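Yeah, the first sequence ends on 534 if you go by our numbering, and it's all consecutive.
Treat the hints as calculated values from the structure; they're not laboratory data.
Please read all numbers here as calculations on a predicted model, not as lab measurements.
Where hints are given, some of them may not hold.
Using 20 Å as the maximum straight-line C-alpha spacing, the simulated DMTMM-like pairs for lysine to aspartate or glutamate come out as follows [claimed, not checked]:
1) Lys445 with Asp519
2) Lys514 with Asp500
3) Lys459 with Glu474
4) Lys528 with Glu474
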Amino acid sequence: MGPIRDQHHFQLPKKKPNFYARVYEIVEQIPIGKVTTYGAIAEVLGMKGSSRMVGQALGALPEGSDVPAQRVINRIGALSGAHHFGGYDRMRTMLRREGVTFKGELVDMEEHFWDPKLISDTP
DNA sequence: ACACTGACCTCCT
DNA sequence: AAGGAGGCCAGTG
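Construct the entire structure; sequences and hints are all you get.
Written out as structure tokens, the structure is:
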């Protein structure tokens with residue numbers, strides 16, 4: 412179904428780029444137990460190098476959104492957005508509940524990284 | 001309209 | 001190897 416659902420009554424950008432919405436569409440497809448990175452999302456949107464924009468889009472999400480933003484982390488596996496989930500421990504707990512494992516403070520990227528480029532290839 | 005802000009990433013010391 | 005500077009560009013005030 413439509414990736415962005417009606418419950419998202421917060422304001423999306425009404426102009427053309429629709430950048431936020433495209434970010435959310437990708438994030439919604441990250442499988443449970445997997446994570447991806449800001450950079451990987453930016454790249455698949457054709458905006459390689461604009462990873463900060465992805466973070467900005469996620470930051471605009473209301474709390475309690477069903478967009479699984481906790482599955483987006485930085486390149487090395489650090490929970491750089493932890494502040495938006497009530498701190499590092501809270502975010503780590505959310506991910507652990509989904510089956511994500513850690514190596515110290517960092518997500519085990521070898522095990523859990525999911526590349527959003529896979530979307531295009533698989534129906 | 002301008003200036004500044006980011007849940008980042010890559011290059012350059 | 002570790003840390004800093006700069007780039008990215010859509011929102012916001």
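So, going through the hints one by one against the coordinates:
At most 20 Å may separate the alpha-carbon atoms for a hinted pair to count; lysine 445 and aspartate 519 meet this at roughly 10 Å. Between lysine 514 and aspartate 500 the alpha-carbon distance is near 14 Å, which keeps this suggested pair within the 20 Å criterion. With a C-alpha separation of about 27 Å, the suggested pairing of lysine 459 with glutamate 474 is violated against the 20 Å cut-off. A hinted pair counts as satisfied when its Cα atoms are at most 20 Å apart, and lysine 528 with glutamate 474 does not qualify at roughly 27 Å.
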